[in-house]
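Line by line, the protein sequences are chains A and B. Quick note: the first sequence, position 124, residue 124 per this note's numbering, numbers continuous. Quick note: the second sequence, position 452, residue 452 per this note's numbering, numbers continuous.
Honestly, I wouldn't trust all of these hints.
[Said to hold, decoys possible] On the chain A side, residues computed to face chain B include the following (Cβ under 10 Å):
no.: 1; residue: 4
no.: 2; residue: 93
no.: 3; residue: 99
no.: 4; residue: 104
no.: 5; residue: 107
no.: 6; residue: 148
no.: 7; residue: 150
no.: 8; residue: 152
no.: 9; residue: 156
no.: 10; residue: 311
Bear in mind the hints are in silico, worked out from the structure with no lab data behind them. Predicted, not measured: the structure shown is a model, and the values here were computed from it. Beta carbons: idealized from backbone N, C-alpha and C, even for Gly.
In case you want the letters, here they are:
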Amino acid sequence: MLGRTANGLFWMFRYLERAENTARLLDAGLRMALTRDHTKAEEEWRSVIKTSGQQQAFEAKYDNYDGSNAWNFILRDKDNPANVLSAFEQVRTNARLVRNAISSEVWEAINESWMTLKDDLSRPVAQGNLGKVVGHVRRAGMQVHGAMAGSMLRDAGFHFARAGTFVERGDSIARILDIKYYLLLPSLSYVGSSLDTGQWDNVLRSVSGDRAYRWLNAGQIDARGIVEFLVLDDRFPRSLAYCHSALRENLAALARIHHAEGECNGLMREADMRMSETTIDAIFEMGLHDFLIQFINSNTAISAAIAEDYRFTR
Amino acid sequence: MTEASANFDEMYTDDRSVRPAYKGYCQWHDQQDPNWLKRKHGEAESNFRKTGITFNVYGEDEAEERLIPFDMVPRIIGANEWRKLTRGIEQRVSALNAFMYDLYHRQEIIRAGRVPARLFQNNEAWLQQMVGFTPPGGVYTHIVGIDLVRTGPNDWFVLEDNARTPSGVSYMLENRETMMAMFPELFSQVQVEPVARYPRRLAKSLAACAPQGVKGKPTVAVLTPGIYNSAYFEHAFLADQMGAELVEGSDLRVVDGYVQMRTTRGYERLDVIYRRVDDEYLDPLTFSPDSVLGIPGIMDVYRAGNVTIANAPGTGVCDDKAVYSFMPEIVEFYTGEKPLLPNVQTWRCADDDSLAYVLDNLEELVVKEVHGSGGYGMLIGPTSSKKEIAEFRKKLSANPANYIAQPTLALSTTPIFTKKGLAPRHVDLRPFVLVSPDGIDITPGGLTRVALKKDSLVVNSSQGGGTKDTWVLKD
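Sequences and hints are given; from them, build the entire structure.
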């Protein structure tokens with residue numbers, strides 16, 4: 001497989017995951033805002049914008065956190081370089097680039113989703129349509145992953161695509177957790193104290209983990225339980241531990257296919273060791289923020305090593 | 001049909017009876033509910049959008065992707081008629097290939113005084129680097145598109161030879177797929193020669209031209225300028241269908257005397273390159289130093305016989321309309337036979353007598369640039385204003401050798417589907433021809449382009465033309 005094609009597959013799925021995660025975040029934000037009074041709703045939108053990493057760009061344009069401005073900014077505003085529409089455009093551009101390395105089912109899933117989203121986002125989204133649009137983004141992800149699972153050869157291309165998915169997912173969950181944690185817990189002494197369960201529920205909802213968490217924990221919602229769930233529970237497909245073990249498997253498969261391990265496999269092993277040896281107590285002792293930053297950095301290093309090992313760009 | 005055709009219509013005779021080739025189709029068509037057909041017409045477009053069969057238009061927003069309009073009434077050619085056409089096409093394509101070889105070797109045809117030396121001396125596509133070199137398998141034009149037009153029951157003419165990088169074959173294939181998906185029962189009623197084998201034949205034909213000394217299955221790649229090229233869809237489509245790599249110049253590099261591509265395992269050798277970039281973008285060392293699209297040193301590898309480039313560099317010579325005007329002589333010189341497929345009458349404005357005639361009759365003629373393509377830079381006398389003709393006259397007089405002129409042909413029509421029913425529109429035909437040491441292979445049919453506007457003669461997709469599925473009937 002061409003290095004450029006591997007790069008295209010990897011980034012196509014990173015952008016797909018990014019679009020999907022942003023949509024989840026927005027969904028949770030809308031729900032929160034609806035159940036709050038006006039000032040609290042503004043705070044909620046500030047938090048959503050901050051979590052998406054675009055606070056500066058937003059504040060350069062708007063004086064307050066009006067809901068409609070916020071979700072349109074995230075979904076389609078050209079002043080937001082990370083808007084969902086342009087993320088999805090990147091998905092499609094990369095798909096065109098690697099057109100002969102993906103099945104026509106995958107291509108059509110992407111192309112059809114793109115046509116729907118482009119139409120959805122060709123004009124500002126009204127509140128009444130927000131749920132529908134967010135639903136389209138999430139459905140796009142499901143359709144593409146479903147087409148992948150059902151029609152793609154399990155060769156290097158498949159594993160580059162999956163690696164992109166899990167690198168991005170780990171990165172984005174860690175960032176969401178990091179920012180939400182700070183909003184909720186100004187100082188570590190708050191850990192374990194009783195909190196606004198609505199806010200915690202929102203953290204879970206942002207990563208579509210609310211149902212699964214309640215199922216496993218019978219309604220017991222606290223910071224410790226949630227962090228343990230989102231970081232260490234490898235049964236949940238959006239936890240950091242799950243992303244790690246899935247990524248490890250994809251990288252191992254790539255090493256098998258290429259008859260050689262690269263730098264990324266070594267880095268992966270180290271990261272894996274850290275993850276499997278740690279406990280929730282150790283994480284809080286170290287400080288969740290420091291733990292998450294460590295995770296993000298090692299995730300980034302693995303991603304860079306993949307690009308280098310497999311000659312993505314040179 | 002709601003309108004009658006002023007010219008030869010391929011479906012209906014003058015007394016409105018259906019010609020034999022169209023009988024089976026018309027029988028089916030007349031049984032269909034017109035409203036159902038209208039719905040199907042809309043379906044076809046959404047199918048093309050979904051599969052992403054688009055082209056980019058030159059000079060427009062980069063992200064702009066357009067569909068070539070598809071008309072769902074097939075263009076039908078009888079088995080006998082097609083056999084006659086294939087003989088003519090084969091003859092012409094072998095002559096083209098022999099001409100290329102001769103032109104880059106002893107130039108017998110010029111020594112014999114049959115064509116003037118200016119044919120290559122004034123030809124921008126001529127490549128000095130190809131002189132004395134024979135491409136692997138002796139093949140210059142691996143893939144050729146011969147554009148045909150028709151004016152009567154037995155009157156077919158060659159309008160243009162596309163020997164450089166003919167495009168459009170993906171539409172031929174997708175049009176058939178779409179028709180079969182929309183009207184499966186039609187294909188059980190009418191027996192049509194399949195076209196789907198084209199990508200396999202292309203792969204085989206390219207592999208047969210691999211450089212000597214390649215062990216095992218040669219590695220084949222399609223070289224594309226990238227996703228913003230107008231025909232990118234086709235490049236990706238063909239690579240996918242052939243199971244070949246789709247590469248850009250930046251993926252390739254000359255290593256140890258071979259062209260190699262950057263794979264996830266390192267650099268790997270490439271044996272056959274089906275290039276969809278122009279000559280001047282092949283090798284910045286040889287041609288265009290500013291090009292970022294090319295592969296430095298690829299021409300040295302080529303000349304050492306270590307890679308096959310299809311079509312061979314320098315084949316663009318044949319796309320020149322001055323060469324076209326000598327095709328009858330060229331065919332006769334190399335095959336010893338009269339051409340089976342005639343040219344359209346052509347005046348070379350380089351000749352003083354012809355120029356005088358053309359200038360006197362601009363209102364009646366079609367004037368084309370010798371190097372032009374895509375319907376750009378031409379004058380269609382009968383549909384142009386006085387002002388347009390006057391402006392063109394100035395351009396023509398300033399550089400007559402740059403132009404040829406042809407009569408305005410009474411192009412045949414076939415019906416298209418409109419909201420008001422069937423209506424006649426002008427068509428041309430581009431059959432696709434593969435050349436390898438094993439022989440010449442012509443896919444039955446080809447791409448029919450149709451001018452969708454009433455009375456328009458311009459079928460180019462960049463200027464409002466559409467396409468149709470083209471059927472060759474089985475015996």
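> Close enough to count: is the Cβ of residue 107 of chain A nearer than 10 Å to one in chain B?
Replying inline: 7 Å, holds
> Given residue 104 of chain A was flagged as interface, is its beta-carbon under 10 Å from a beta-carbon of chain B?
Replying inline: With a minimum Cβ separation of about 7 Å from chain B (threshold 10 Å), the hint on residue 104 of chain A holds.
>> Checking hints one by one. Is residue 150 of chain A an interface residue toward chain B, by the C-beta closer than 10 Å rule?
In response: Interface hint status for residue 150 of chain A: violated (18 Å vs cutoff 10 Å).
> Regarding the hint that residue 99 of chain A lies at the interface with chain B, is the smallest CB-CB distance below 10 Å?
Replying inline: 4 Å, holds
>> Would the hint on residue 4 of chain A be counted as holding, given a Cβ-Cβ threshold of 10 Å to chain B?
In response: 6 Å, holds
> Once the shortest beta carbon distance from residue 311 of chain A to chain B is found, is it less than 10 Å?
Replying inline: 5 Å, holds
>> Restraint: residue 93 of chain A near chain B, CB-CB cut 10 Å. Satisfied or not?
In response: 7 Å, holds
>> So, as I understand it, the hint says residue 152 of chain A touches chain B; can you test that by seeing if any CB pair is closer than 10 Å?
In response: 13 Å, violated
> Regarding the hint that residue 148 of chain A lies at the interface with chain B, is the smallest CB-CB distance below 10 Å?
Replying inline: 17 Å, violated
> Given residue 156 of chain A was flagged as interface, is its beta-carbon under 10 Å from a beta-carbon of chain B?
Replying inline: For residue 156 of chain A, the interface hint holds, since the closest Cβ of chain B sits about 6 Å away, which is under 10 Å.
The structure does not agree with the numbered hints 6, 7, 8 stated previously, though it agrees with the rest.
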